[in-house]
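Visitor: Chains as they are written, first to last, in my numbering: chain S, 1 to 279; chain B, 1 to 279; chain G, 1 to 279; chain X, 1 to 279; chain A, 1 to 279; chain U, 1 to 279.
Hints in this document: simulated from the structure, not taken from any laboratory.
Quick caveat, the model's predicted, so the values are computed rather than measured.
Any given hint could turn out to be false.
[Claimed, not checked] In silico lysine to aspartate or glutamate, DMTMM-like type, Cα no more than 20 angstroms apart, as pairs:
id, chain 1, residue 1, chain 2, residue 2
1, X, Lys168, G, Glu37
2, S, Lys168, B, Asp276
3, S, Lys168, S, Asp201
4, B, Lys168, S, Asp272
5, G, Lys168, X, Asp276
Number of protein chains: 6
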Amino acid sequence: MSWVEPPFSAVTDVVSRALAEDLGVFGDITAALVPSEATVAAILRSRAPGVLAGRACATEAFRRVDPTTEAEWVLGDGDVLAAGSVIGRVSGRLASVLTAERTALNLLGHLSGVATLTRRYVEAAGPRARIRDTRKTTPGLRALEKAAVRAGGGVNHRGSLSDGILVKDNHLAGLSIAEAVATAHARWPGIACQVECDTLDQLATALEAGADMVLLDNMDLATVAAAVAAVAGRIPVEVSGRVDLDSVAAYAAAGADLISVGALTHSAPVLDIGLDLEA
Amino acid sequence: MSWVEPPFSAVTDVVSRALAEDLGVFGDITAALVPSEATVAAILRSRAPGVLAGRACATEAFRRVDPTTEAEWVLGDGDVLAAGSVIGRVSGRLASVLTAERTALNLLGHLSGVATLTRRYVEAAGPRARIRDTRKTTPGLRALEKAAVRAGGGVNHRGSLSDGILVKDNHLAGLSIAEAVATAHARWPGIACQVECDTLDQLATALEAGADMVLLDNMDLATVAAAVAAVAGRIPVEVSGRVDLDSVAAYAAAGADLISVGALTHSAPVLDIGLDLEA
Amino acid sequence: MSWVEPPFSAVTDVVSRALAEDLGVFGDITAALVPSEATVAAILRSRAPGVLAGRACATEAFRRVDPTTEAEWVLGDGDVLAAGSVIGRVSGRLASVLTAERTALNLLGHLSGVATLTRRYVEAAGPRARIRDTRKTTPGLRALEKAAVRAGGGVNHRGSLSDGILVKDNHLAGLSIAEAVATAHARWPGIACQVECDTLDQLATALEAGADMVLLDNMDLATVAAAVAAVAGRIPVEVSGRVDLDSVAAYAAAGADLISVGALTHSAPVLDIGLDLEA
Amino acid sequence: MSWVEPPFSAVTDVVSRALAEDLGVFGDITAALVPSEATVAAILRSRAPGVLAGRACATEAFRRVDPTTEAEWVLGDGDVLAAGSVIGRVSGRLASVLTAERTALNLLGHLSGVATLTRRYVEAAGPRARIRDTRKTTPGLRALEKAAVRAGGGVNHRGSLSDGILVKDNHLAGLSIAEAVATAHARWPGIACQVECDTLDQLATALEAGADMVLLDNMDLATVAAAVAAVAGRIPVEVSGRVDLDSVAAYAAAGADLISVGALTHSAPVLDIGLDLEA
Amino acid sequence: MSWVEPPFSAVTDVVSRALAEDLGVFGDITAALVPSEATVAAILRSRAPGVLAGRACATEAFRRVDPTTEAEWVLGDGDVLAAGSVIGRVSGRLASVLTAERTALNLLGHLSGVATLTRRYVEAAGPRARIRDTRKTTPGLRALEKAAVRAGGGVNHRGSLSDGILVKDNHLAGLSIAEAVATAHARWPGIACQVECDTLDQLATALEAGADMVLLDNMDLATVAAAVAAVAGRIPVEVSGRVDLDSVAAYAAAGADLISVGALTHSAPVLDIGLDLEA
Amino acid sequence: MSWVEPPFSAVTDVVSRALAEDLGVFGDITAALVPSEATVAAILRSRAPGVLAGRACATEAFRRVDPTTEAEWVLGDGDVLAAGSVIGRVSGRLASVLTAERTALNLLGHLSGVATLTRRYVEAAGPRARIRDTRKTTPGLRALEKAAVRAGGGVNHRGSLSDGILVKDNHLAGLSIAEAVATAHARWPGIACQVECDTLDQLATALEAGADMVLLDNMDLATVAAAVAAVAGRIPVEVSGRVDLDSVAAYAAAGADLISVGALTHSAPVLDIGLDLEA
């Protein structure tokens with residue numbers, strides 16, 4: 001397993017659920033029209049440029065529908081796709097390939113879409129800032145989408161509420177930033193305590209409180225630059241909100257170390273990948 | 001349950017999985033910093049115009065994290081949202097509300113995004129053609145996304161491979177259209193047999209074979225018009241491929257009864273819905 | 001919970017699976033045609049004489065579809081039904097009641113069918129022999145069917161391969177009856193070791209080996225009587241095979257303590273129970 | 001996969017649940033008495049005439065208990081069985097075969113029972129009418145039982161509440177037949193709207209409303225004949241209620257296109273299939 | 001499967017849950033640092049004397065993480081371990097072996113700990129009394145821990161509340177011992193009815209009531225001896241409470257047939273088993 | 001939810017599995033002997049000094065068996081228990097309370113055992129070092145055991161392989177420490193990279209490589225002191241191996257910031273907690 005791939009348990013889990021969802025009570029009643037002895041070889045091909053992700057899901061979809069289906073891969077997660085790139089080749093019983101096709105393509109297309117959008121942000125941001133995802137993922141697909149972000153060259157923010165601390169405004173209804181940071185440090189040695197700041201005043205408070213990272217939310221470029229100056233390299237600075245493909249380079253230039261973008265996982269359009277039967 | 005909502009079993013299933021995914025081993029370690037006696041009231045508000053979907057998911061997310069959290073709704077699935085529309089109000093323990101917030105918003109935002117894009121297609125198409133979804137849904141979320149399409153004014157294609165027959169080119173590697181239609185009719189009385197046609201010749205064959213519906217795939221407008229003329233109202237005509245928000249009206253004008261759009265579910269951007277704490 | 005009812009965990013498990021199976025991707029699209037404000041009261045009524053079983057399943061089906069549906073019961077598991085007996089009354093939203101109806105009735109009808117057939121055997125056998133079920137149960141429904149057998153006046157054989165020892169001919173391919181009994185006693189103090197015997201010779205061997213119970217399989221009446229005489233009351237004697245409603249009294253008269261009947265669970269016809277809307 | 005077999009996901013699901021149910025906490029404590037090196041070959045044989053169904057379930061049961069067990073099949077789902085027909089042959093470790101035996105036979109026997117009863121109805125009905133199942137299936141086994149009906153020569157009614165519309169009397173508490181049909185057509189293009197009719201008046205209303213199919217429920221033969229005449233071939237006519245093996249030919253002769261029989265799945269007795277060890 | 005091993009369904013269930021728990025959202029991010037082509041061979045070795053249990057779990061953990069990992073075993077469940085004993089050898093991709101290592105060792109160590117403590121009790125008790133476990137097992141691991149007790153030379157008490165009757169003081173709030181035993185015998189032929197006794201008076205009542213076994217709870221040695229004398233070999237006598245490694249021999253000497261010890265499963269320290277990479 | 005409690009999803013998951021495991025096919029056949037109208041009130045009481053953990057599990061066990069059972073709590077997770085401390089009071093149907101009792105007590109006893117052992121280490125270590133757990137947890141119970149460690153005053157190490165990086169010797173078969181740390185930092189900003197060191201040389205390498213934390217494994221006290229001096233407060237120092245209740249104070253005195261102890265979760269004996277019926 002490459003580090004840009006998801007854990008196998010997430011793959012088997014999602015694929016088995018997707019197939020059960022699609023097979024319903026009767027199974028694939030159209031594919032069952034096809035003579036069972038008919039076989040096929042087919043090419044998985046990208047129809048648009050992008051970055052591949054989700055290969056393990058596709059393998060699992062074909063294998064689970066029919067263990068005799070063979071999948072051979074030319075490219076892997078994180079590889080760059082041109083329009084027309086051959087990703088891999090699938091061969092076996094025609095009915096089995098057709099039954100698994102949509103599940104395999106849905107996962108490949110969605111996850112490659114996430115990887116592709118991530119890559120666009122990464123390239124737009126340039127080498128000075130890293131692009132991060134958020135918890136704004138599709139329910140049930142977090143492990144897969146976060147792996148797709150890695151395949152696209154991004155890095156991951158928290159995997160869950162359990163493995164990172166991010167103190168936001170709403171948490172401060174009952175305690176101060178200083179209390180939050182101190183309590184977090186006492187309870188969770190080894191887990192960074194990040195504080196979301198909407199203003200330079202909050203930033204000053206967060207720095208004084210000993211935050212390990214700050215998340216500058218919804219600040220304009222000038223304020224981000226001022227914030228970066230105030231932090232002066234002592235801790236990593238992350239920026240979120242107001243960032244899109246047009247503005248990301250400017251935010252990177254303003255000195256952000258990390259830029260988190262919800263759109264990577266909540267608004268990435270599918271990457272068009274198709275299965276073409278060989279003649 | 002309104003007909004634009006998903007079955008409750010899909011709601012509880014997806015929400016419980018989403019929360020387990022987000023709570024991880026330690027739970028919400030940031031919310032646990034908040035004093036447990038702190039309470040809150042908050043407004044769910046749309047930050048952009050669109051159509052609401054996913055309300056039952058949000059209710060379930062708040063309730064499952066903490067049954068004492070109250071959710072009151074002003075709007076329901078299928079209702080139109082302006083930027084700033086109040087959707088509902090949530091009140092209860094602060095920590096509980098914050099823990100459930102992201103899961104609730106992820107589902108509301110994604111499903112309202114699907115409903116909103118559907119509505120745009122429906123309005124662009126006008127009253128002469130119905131907009132349909134496809135099986136290009138997010139794995140694990142089909143029931144929810146198909147309900148969101150209904151909330152947006154669209155209609156549903158097959159729920160699964162089990163409840164509709166759609167004969168495509170790839171199925172014809174081992175049998176003729178005539179054989180496919182005849183076998184389908186013999187096996188599945190009561191289920192419509194739809195045949196995908198790429199050419200007018202195929203259409204003629206499908207009509208002769210007794211197809212109950214045809215899906216004209218990737219045809220230009222002139223060919224669609226010719227196909228509609230050939231069908232002459234005997235069976236419903238569906239169009240797919242090459243359709244986007246700019247072209248959908250023209251395809252409708254060309255006489256399509258149904259227009260199916262994969263983008264509704266595979267490429268709808270999130271609708272921005274937020275939770276604002278009351279002062 | 002009465003002892004004739006199944007454990008609640010089996011009830012919730014089976015009902016949630018049954019509803020998910022029946023609701024599919026779109027839910028109950030016919031019930032969704034009904035105005036959501038329409039309410040109803042309905043009577044669960046037996047349309048044939050029999051014995052009730054499965055009440056907890058019906059309660060759970062109505063409750064899970066809609067917690068506002070009320071179920072009030074007149075009769076309980078194990079109660080005798082005449083044709084026309086009122087079993088209970090359900091009231092609530094019309095659409096909710098209709099959606100849950102089939103799942104509730106499928107479980108009530110099947111389990112009452114098991115209880116009813118059991119009662120017929122119990123009555124035919126008379127007071128001298130007890131009627132037992134077997135492991136020939138419907139996959140996934142064992143706990144419910146075994147409870148229905150109790151509701152019908154029968155007693156349960158093993159719950160699973162784990163909680164009883166029954167040495168059959170096929171087990172003796174690799175060891176003697178004496179070895180089997182000795183090993184079973186050594187390993188599983190507190191679990192009775194029953195030996196299946198097809199002949200009086202085998203019975204003699206089993207008795208000598210110290211079997212705690214014997215199962216006389218496929219013996220005619222005279223041989224059963226001879227076997228009962230040979231056992232002479234030292235251990236319980238169970239009879240299986242060749243037993244039907246016509247012959248069960250004779251087998252009881254021949255001295256069997258227990259008579260096990262696979263048909264109770266694998267071949268019981270449904271008991272016709274219906275839901276009649278009140279005017 | 002032949003079209004008379006269930007989707008593989010239903011097979012693995014049911015078999016794994018059945019085995020867990022039967023293995024309990026200790027596993028098969030009787031089979032564990034057998035020397036682990038003992039091997040066996042055994043024949044699966046029908047002990048009564050009928051139609052085979054459930055082969056994939058049996059394969060899965062033996063394989064899951066022990067992947068080294070080999071199953072070779074002579075016959076497949078839908079094949080006719082005489083008393084004594086050899087269905088297949090199983091070989092491997094004796095203990096493994098004995099542990100899986102009951103689960104395999106329970107599924108084979110029950111599903112072949114459904115197929116066999118279906119075949120009897122199909123033959124009794126003759127070529128003019130098709131026999132259909134209903135939603136009166138065993139909870140958790142719908143996909144398997146519906147496949148068994150196909151194996152027996154029947155055809156399937158709805159797979160779930162989600163994939164067909166059947167308007168019954170009880171749905172009309174809040175809307176008219178005309179409203180129901182119109183709404184159904186508007187919402188669900190491509191899904192047939194069937195209306196249950198108890199009288200010729202209702203039938204007239206349903207026809208006028210544009211129903212796609214009618215279900216004549218509990219009508220006597222003369223009324224069915226009158227209804228068939230009234231429909232005059234415009235839409236398919238299905239009959240249910242009052243139909244048994246004695247009357248099914250008459251209902252077919254009265255002109256029903258389809259005859260649905262709940263008993264196929266709720267009251268089919270087991271088909272006796274056994275496992276005989278080879279000498 | 002040897003009789004000292006758990007049913008395979010419990011093994012796959014526990015291992016898949018343990019791996020999902022440990023892999024989280026990102027998978028093993030440390031192992032992913034390792035070059036994917038690196039391979040390894042490693043020895044599973046006991047670092048302390050004891051008894052092995054849990055081998056099937058370890059096999060499954062390595063296999064499920066990566067089916068290409070090979071596990072070869074030198075020893076099996078129930079075998080005695082010295083400090084330094086080689087248990088088996090694992091070879092395959094380095095990253096895969098490291099990912100599975102902790103799950104495999106956690107299960108091996110815990111279950112071998114149970115087997116080892118059981119063996120110590122068995123040896124301390126001597127041949128006159130059998131050591132039994134209780135229902136005081138770790139939630140979710142009952143089947144595995146009960147198998148480990150067998151591997152350690154002990155025997156199992158009830159697998160669950162479903163497969164044995166043990167009447168305790170608390171059950172007598174609403175019925176007498178005589179009523180309890182009589183009802184148990186009537187309802188559950190073939191299941192032994194054991195009665196817990198705290199005093200000799202209760203014992204006398206239990207004997208008179210026809211209890212099949214008694215459990216002498218929290219009695220001192222002299223009272224146990226008196227109780228054994230009172231029972232006079234008619235039924236098995238089990239002792240619980242006040243028993244530890246120091247006193248178990250005396251209780252055995254006092255005549256107990258069975259001695260049940262909760263500590264076997266609720267307080268067994270881990271057995272230290274490690275994975276040493278080969279040079 | 002207090003921060004010393006586990007996420008609710010882990011609680012419901014473990015409890016439902018534990019109850020299903022204990023209820024088996026027939027349910028609690030002993031409790032079913034009790035008249036169903038009998039009620040009871042009972043006190044949960046500690047029989048030994050310790051620290052409470054697992055309260056939410058006990059609540060859930062009683063509630064799930066019977067929602068009418070009331071549990072009132074005097075103490076909460078993290079509270080100190082004397083022998084005889086009243087923890088809470090349970091009241092409701094006698095049969096329901098008895099059925100849930102063992103599951104509730106198994107979880108309370110095990111988790112309080114973990115909390116109690118943790119507290120002993122915390123007190124022995126004194127205020128200068130924090131006690132941490134490891135991944136050596138019971139499969140399936142990680143979230144609960146890690147919460148129990150917090151209840152006992154300890155802090156948590158990684159929740160899973162996904163949320164922390166710990167480079168051990170075995171990972172270095174294919175890359176250097178410097179490469180490991182650099183890659184980890186590049187891939188996982190915000191996640192600390194900890195390096196296990198067996199020698200002072202390795203420590204020097206780890207420091208130079210930029211490790212964020214070190215884990216000194218199996219070092220004697222003098223070496224630990226030398227290591228602490230070498231680190232000179234730049235990063236946190238954790239110690240593991242060779243630590244027990246006798247030596248932990250010395251390791252703390254040697255300057256460890258954190259001391260991780262596998263025994264907290266793999267070898268904690270149960271804390272004896274009982275349920276006493278009120279007279």
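Visitor: Indicate, hint by hint, whether the structure satisfies it.
Guide: Status of each hint after checking the structure:
no., hint, verdict
1, Lys168/X x Glu37/G, "holds (18 angstroms)"
2, Lys168/S x Asp276/B, "holds (12 angstroms)"
3, Lys168/S x Asp201/S, "holds (14 angstroms)"
4, Lys168/B x Asp272/S, "holds (18 angstroms)"
5, Lys168/G x Asp276/X, "holds (12 angstroms)"
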